[in-house]
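Asker: Residue-level listing of the chains:
2 protein chains.
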Amino acid sequence: MKITIIGVGLIGGSMALKLKSAGLVSYVFGVDQNENHLTEAKNLGIIDEISSLENAVSQSELVIIAIPVDAARKILPSVLDLINDNQTVMDVGSTKHGIVETVRNHPMRKRFVAFHPMWGTENSGPKSAISASFSGKAAVICNREESDEDALKIVEKITKNLDMHLIYMNAEDHDIHTAYISHISHITSYALANTVLEKEREEETIFQLASTGFSSTVRLAKSHPEMWVPIFKQNKENVLDVLNEHISQLRKFKSALEKENYDLLEDLIRNANKIRGILDK
Amino acid sequence: MKITIIGVGLIGGSMALKLKSAGLVSYVFGVDQNENHLTEAKNLGIIDEISSLENAVSQSELVIIAIPVDAARKILPSVLDLINDNQTVMDVGSTKHGIVETVRNHPMRKRFVAFHPMWGTENSGPKSAISASFSGKAAVICNREESDEDALKIVEKITKNLDMHLIYMNAEDHDIHTAYISHISHITSYALANTVLEKEREEETIFQLASTGFSSTVRLAKSHPEMWVPIFKQNKENVLDVLNEHISQLRKFKSALEKENYDLLEDLIRNANKIRGILDK
Numbered sequence: 001m002k003i004t005i006i007g008v009g010l011i012g013g014s015m016a017l018k019l020k021s022a023g024l025v026s027y028v029f030g031v032d033q034n035e036n037h038l039t040e041a042k043n044l045g046i047i048d049e050i051s052s053l054e055n056a057v058s059q060s061e062l063v064i065i066a067i068p069v070d071a072a073r074k075i076l077p078s079v080l081d082l083i084n085d086n087q088t089v090m091d092v093g094s095t096k097h098g099i100v101e102t103v104r105n106h107p108m109r110k111r112f113v114a115f116h117p118m119w120g121t122e123n124s125g126p127k128s129a130i131s132a133s134f135s136g137k138a139a140v141i142c143n144r145e146e147s148d149e150d151a152l153k154i155v156e157k158i159t160k161n162l163d164m165h166l167i168y169m170n171a172e173d174h175d176i177h178t179a180y181i182s183h184i185s186h187i188t189s190y191a192l193a194n195t196v197l198e199k200e201r202e203e204e205t206i207f208q209l210a211s212t213g214f215s216s217t218v219r220l221a222k223s224h225p226e227m228w229v230p231i232f233k234q235n236k237e238n239v240l241d242v243l244n245e246h247i248s249q250l251r252k253f254k255s256a257l258e259k260e261n262y263d264l265l266e267d268l269i270r271n272a273n274k275i276r277g278i279l280d281k
Numbered sequence: 001m002k003i004t005i006i007g008v009g010l011i012g013g014s015m016a017l018k019l020k021s022a023g024l025v026s027y028v029f030g031v032d033q034n035e036n037h038l039t040e041a042k043n044l045g046i047i048d049e050i051s052s053l054e055n056a057v058s059q060s061e062l063v064i065i066a067i068p069v070d071a072a073r074k075i076l077p078s079v080l081d082l083i084n085d086n087q088t089v090m091d092v093g094s095t096k097h098g099i100v101e102t103v104r105n106h107p108m109r110k111r112f113v114a115f116h117p118m119w120g121t122e123n124s125g126p127k128s129a130i131s132a133s134f135s136g137k138a139a140v141i142c143n144r145e146e147s148d149e150d151a152l153k154i155v156e157k158i159t160k161n162l163d164m165h166l167i168y169m170n171a172e173d174h175d176i177h178t179a180y181i182s183h184i185s186h187i188t189s190y191a192l193a194n195t196v197l198e199k200e201r202e203e204e205t206i207f208q209l210a211s212t213g214f215s216s217t218v219r220l221a222k223s224h225p226e227m228w229v230p231i232f233k234q235n236k237e238n239v240l241d242v243l244n245e246h247i248s249q250l251r252k253f254k255s256a257l258e259k260e261n262y263d264l265l266e267d268l269i270r271n272a273n274k275i276r277g278i279l280d281k
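As given, the protein sequences belong to chains D and H, one line each in that order.
Counting in full-length UniProt numbering, the first sequence runs from 1 upward without gaps.
Counting in full-length UniProt numbering, the second sequence runs from 1 upward without gaps.
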């Protein structure tokens, strides 16, 4: 299968590497605004050819849009304008309601599959791409009834070759769940980094003392605003809802400490411990 | 060297394994209130002998106290009562001001070294002990001037054999830094787990969708209250100080989203990104 990757960064690059090594994809056209990324991706064997959008799409069975969610919403209609009924387009964005709304009335809507692989790291760019990355993780297809059966089949095959398990969901539910499971983690991590940077002026001490616990909690704070501002923007209502709940949960810890109510503190911690039973299933 | 480990859990057990494999320690007496832990530790080769406190201490050059910080404060004076000038006692607790105050006027104070290895996981018990755990991490000795030179030498040798690098600090500074670097991470992680458990009633969805980002941010929420309530209690003022700052940082994200001020949101994220430069030094 010949494919086009629009956006040869962490996600697009990792998908290309994995799908090539799995033998499903024989040739990858790379399209990106960032010429350095294109050259890097070519040198790393992620893509086979640097191409214009029109040329790439015209020769591809499948087009994967792997750019920030605001840019993906902008480019998707133009990509659908370029394809025929034998071609399929998928995205990989972390918000889904906005993008399915954008093309709801597009004549080629049925050739688009709204997709979200639940994997990422705090890094970006083709150099961060890892072939084994998606293995064992979940991937979501949203609003499957709005896509053609054969387009869904292709994306299901892609999922299988990424070694991911597939979940079907409507776009609104997806965006609520990702606010809980992914987006809020980034905000707490950013806020934690800003807290430490604000309070702890001795950078050398942070570096020396930073324990494994701190590093893992604050890891996501390294994630770039180019990717995350558009996600928060598109999922604003859900993210605010969860953020308000999170602040109110933190206030319970604050109140337990202020009132020296250590039984309440223990109850709060025991409740949080339940996450072990859920995550370690 | 023959040593006693009081508390054969994650930290005590990991230290015993590492120090034995490094060849520094030849024999380990295990003391613990939890008889199952003692049996497990014996079966796992972490300790050589299950013993009473008195018997163990009488035959040990070094006593390592590796129990929750409130229990450590209680037991330390009795251990110092049992030793002579050729024996050394160290703790491994995550708060240091309380414990050094407890023994400030003890006649054997100089045989005690206040120690904190900056490593841990969300797990507990001897089964979680890992020999390689401490490698490359920082360890802190507090108030070195209150300990005898030869007692310090022994703990420095222990640190070297754990493959850790040593930092000296006074106990008050240590407790301020650990509030920033370790204790607040646990509170945010607990609060995040409680947020998700409160908002996301569909446990199956959490399990299926939980991405690597979520798992790493919420990992610390699995940590037990038996260890953490005493830490928050002993470091209450510093933890509250950092927690207030953290809530105010989260409010900035909330405000930026509510006002749709995406330039501010980007600034907040760019500032948080600076943690990369510090952590990846």
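If you are wondering where the hints come from, they were derived from the structure by calculation, not from laboratory data.
For clarity, every value in this text was computed on a predicted model and none was experimentally measured.
Don't take every hint at face value.
Given that identical chains are not distinguished, each listed pair holds provided it fits within a single copy or across any two copies.
Said to hold, decoys possible - Cut-off 20 Å, straight-line C-alpha distance, at most; resulting in silico cross-link-like pairs (SDA-like, lysine to any residue):
hint, residue 1, residue 2
1, K233, A256
2, K74, E145
3, K20, R276
4, K74, N34
5, K2, G98
6, K236, H106
7, K160, N34
8, K233, D267
9, K20, E245
10, K233, H165
11, K160, G23
12, K259, I247
13, K110, L264
14, K199, D241
15, K252, D241
Asker: Within a copy, between copies, both or neither: where do K233 and D267 come within 20 Å Cα-Cα?
Answerer: between (35 Å within a copy, 14 Å between copies)
Asker: Give the relationship of K74 and E145 under a CA distance limit of 20 Å: within one copy only, between copies only, both, or neither.
Answerer: Intra 23 Å, inter 65 Å, cutoff 20 Å: neither.
Asker: Regarding K110 and L264, is the shortest C-alpha distance of 20 Å or less found within a copy, between copies, in both, or in neither?
Answerer: neither (53 Å within a copy, 38 Å between copies)
Asker: If the cutoff is 20 Å on CA atoms, where do K20 and E245 land: within, between, both or neither? Let me know, please.
Answerer: neither (43 Å within a copy, 48 Å between copies)
Asker: Tell me, please, which holds for K236 and H106 at an alpha-carbon limit of 20 Å: within, between, both or neither?
Answerer: neither (25 Å within a copy, 58 Å between copies)
Asker: Within a copy, between copies, both or neither: which one fits K160 and G23 at a CA-CA cutoff of 20 Å?
Answerer: within (12 Å within a copy, 49 Å between copies)
Asker: State whether the alpha carbon distance between K233 and H165 is at most 20 Å within one copy, between copies, both, or neither.
Answerer: neither (28 Å within a copy, 44 Å between copies)
Asker: Checking an output row: K74 and N34, CA cutoff 20 Å. Within, between, both or neither?
Answerer: within (17 Å within a copy, 62 Å between copies)
Asker: Since the copies are identical, ignore which copy is meant and state whether K2 and G98 lie within 20 Å (CA to CA) inside a copy, between copies, both or neither.
Answerer: Neither, since 28 Å and 66 Å both go past 20 Å.
Asker: With identical chains, the pair K259 and I247 could be close in the same copy or across copies; at 20 Å between alpha carbons, which is it: within, between, both, or neither?
Answerer: both (18 Å within a copy, 18 Å between copies)
Asker: Checking K160 and N34: alpha-carbon separation at most 20 Å within a copy, between copies, both or neither?
Answerer: neither (30 Å within a copy, 47 Å between copies)
Asker: At most 20 Å between CA atoms: does that hold for K252 and D241 within a copy, between copies, both, or neither?
Answerer: both (17 Å within a copy, 15 Å between copies)
Figure legend: structure checked against the earlier numbered hints; hints not met, in rising order: 2, 3, 5, 6, 7, 9, 10 and 13.
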